[in-house]
Amino acid sequence: MDLPTANKRALSDKQVGVLLVAPALIIFCVITLYPLVNTVLMSFTNANLLSKYRAFVGLANFKSILSDPTALQVLVNTLIFVIVATLVPFTLGLIWAIVLNEGRKTSEFLRGLTLVDWIIPSTAIGFLWSWIFQGNYGLLNAVLTKLGMIHSNIDWLGRPGTAMIAVIVAKTWQTLPWFMAFLLGGLKAVSHEQIEAAHLDGAGNIRTFLSVIMPQIKSIVSVVLILGFMGSLQQFDLIWVMTQGGPASATTTFSIDVYTAAFNNYDLGTASAIATVWVIIDLLFVFLYVRRLKDDFQ
Amino acid sequence: MFERTFGFRVFYYTSLILVGFFVLFPLYWMINTALNPSPNVFSIQFLPLHATLNNFIGVLENGSIMRYLANSLMVSIATSFVATVVAAYAGYSFSKFRYAGRKSLMLLIMTSQMFPQVALLLTLYLMMKAFGLLNTYLALVISYVSFTLPVGTWTLKAYFDQIPNSLIESAKLDGAGQMKIIHRIIFPLAVPGLASTAIYGFVWSWNDLLYSLTLITSNSKRTLGPGLVLTYMGQFQSNWNSMMAASIVVSIPVTVMFIFLQRYFIQGLTAGAVKG
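Protein chains in written order, with this note's numbering: chain A, 1 to 298; chain B, 299 to 574.
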C-alpha cells in the first residue's frame, strides 16, 4: 500500500463499501458458489476419489440412481425425517414457549436450562440418546420392562422402524429449545391490549390464540419452519453418531447417502448426482426463504 | 396471556410436566451415568448413590481426548475471530453504503447457508487436496467461516442500521478517515452484535462433525466430534459411563460461555441460525 495519502482520501464511499464487503464475497465465491457449481458439473462425470482421471458420462449417474432401489428408500427416509423431525420439535417448542411465557421467575431459569440441550455438541447428544436407546441395558428398555410394557428388550437402534424413531427423538430433543427461543421471542412481542380486548369480547383461550396471537407470530412461525426444514434436511451428525445410516439404510437420509457414496465408496460421480438432486429440492426452500427475506431488506 | 380456565390449567400443568421431563431428564441421565462407577451396565442405577469422579478423571487423563479438546479450542477461537471480522466489515458495508448490486449480494450471501453442506464438501475436499490444505486447521477454519458468515453479517447489519448516519457524518467532518470511523466509532457501538457473532462462530466450529471428519485425516490434528466418535464407537463393548463423562467434559466450554453470555447467545442463535 504505497499509495500517496491524497489518493487514499480519494476513494469514494462506493469504493470503500465494495472493499469492505470483498473478503466476505471472496469467501462466498470460493467456499460456496464454486463448490456448488463444480459438484453439479461433477455429477455428469465418473469422478472417483482414488483416481485423477475422469470422463464425461452424461446422465449415466442419474440413471443408475433411479434404477437403484435404495434411492427410493433414501428419498422416503429423508422426507419422513425432514417432516417429522421438524414438525414435532416445532409443536413441542411452541407448547414449551407458551408454558414458559406464563410463568414468572422460574421460567427464566427453565429457559436457560432448556437451551443447554441445544448448546451441547451433537456428538454428545448422539452418545446420550444411543445410551438411552441402548438395546440391552439402556434406560428405555429398563423403564418399559419395569412398567410391564415390554417382556423382552428391544434393540431400538438395530431395528429399521425403531431406529428411525430413535434418531427423530434425538433430533427433537436437540432442536426443541431452538424453536422455543424463537417462538418465545414472538409471544413476548404480542400486543397485550389486543388480547385483553379479545377476552373482554368473550373470546375463549383457543379463539384468542387462533385469531389474535397466531396472526401476530405468523412471520416468525414461517421463518422458523423454513429454517427448521432446511436444518433437518442437512442433518448428518446425530444420525452418523447413532446409526451411521443403518440398519440396512433404514436411517440413511440424503446427507448420509452422499457422504457414504463419496467417502466410503469413493464414487464422487454418483455422490455428486445424489447431491445435485437434493440441491434442486433444496432450491424450493431457498426460494421461499428469499421471498420472506426480501420484505425485510432495506 | 391466557385466561386461567380449568382447561388452560390442565394444558399448562400437563405440558409443564411432560415437556419438562422430556427436556430435562436426559440431562440428568447424562450426569447420573457419568457419576456412577463404571462399568456398571447390568443394573440400572437411577440415582448416583455410589457417586465417583473416576469417569471424569479417566477422561481428563486420556491424552488423545485432551488433544482433541485443545485442537477444537484452537479451531473454534480462530473461526470465531475471523468470522466476526469479515462479517462486521460486510455488515457495515451493507448497512451504510449504497452501490450497485448490493441487494443481490446480500441475498446471495444469505442463501449460502441454505445449500447442503455435504454437496459443497465433495468439491471442497478435492480443492483442499489440490492446494495441499487437507489435514490442516486452515481448511476447517475457512469452511466454518463461510458457514457462519450469513448469520453474522445479518446480525451485525441490524446493529449498524441502528447507528445514526449523523454520527458518521460528524466524525467525517472532524477529519476521521473511514478506517478510524469503523474501528473507533462503529465497532465499539456494536459490541453486543460482535459478541453474538463471535459466540455463534465458536459454537458452530465446536459442534461440527461432518467437515472435521472429512478434512482432517491424522489423529494428532483431530477435533472433538470425530475424535470422540473414533475413541468410543470403535470399541467392542462401549463404556457408557466414560462416554457420558466425556460428553459432559466437551459440553462444559460452550455451557460456561452460555451461562455468562446468555443474552448475546440467544440473539446470535435466533438471528437466523440453522444448526445442521
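Derived from the structure by calculation, the hints contain no laboratory data. Treat the hints with care, since some could be wrong.
[Stated by the list, open to error] The calculated label-pair distances, taken between Cβ atoms and stated as ranges, are:
#1 K63/A / P335/B: 51 to 61 Å
#2 L41/A / Y397/B: 44 to 54 Å
#3 S64/A / I550/B: 27 to 37 Å
#4 G430/B / L19/A: 23 to 33 Å
#5 I461/B / Q194/A: 53 to 63 Å
#6 E301/B / C29/A: 37 to 47 Å
#7 G318/B / I165/A: 41 to 51 Å
Bear in mind that the values here come from a model prediction, so they are computed numbers and not experimental data. We treat Cβ as the ideally placed atom computed from N, Cα and C, and that holds for glycine.
field: Distance restraint evaluation - K63/A, P335/B, Cβ atoms, bounds 51 to 61 Å
entry: holds, 57 Å
Range hint 23 to 33 Å (beta carbons of G430/B and L19/A) holds or violated: Holds - the Cβ-Cβ distance for G430/B and L19/A, about 29 Å, lies within 23 to 33 Å.
- prompt: Does the Cβ distance between L41/A and Y397/B fall inside 44 to 54 Å?
  reply: Since L41/A and Y397/B have Cβ atoms about 31 Å apart, the given range 44 to 54 Å is violated.
- prompt: Does the Cβ pair G318/B, I165/A satisfy 41 to 51 Å?
  reply: violated, 21 Å
message: Taking 53 to 63 Å as the stated bounds, is the beta-carbon spacing between I461/B and Q194/A within them?
response: violated, 32 Å
field: Supplied distance hint 27 to 37 Å, evaluated on CB atoms of S64/A and I550/B
entry: violated, 47 Å
- prompt: In this structure, is the beta-carbon distance linking E301/B and C29/A contained in 37 to 47 Å?
  reply: At roughly 55 Å between Cβ atoms, C29/A and E301/B fall outside 37 to 47 Å, so the hint is violated.
Hint check: violations occur at hints 2, 3, 5, 6 and 7; the rest are consistent with the structure.
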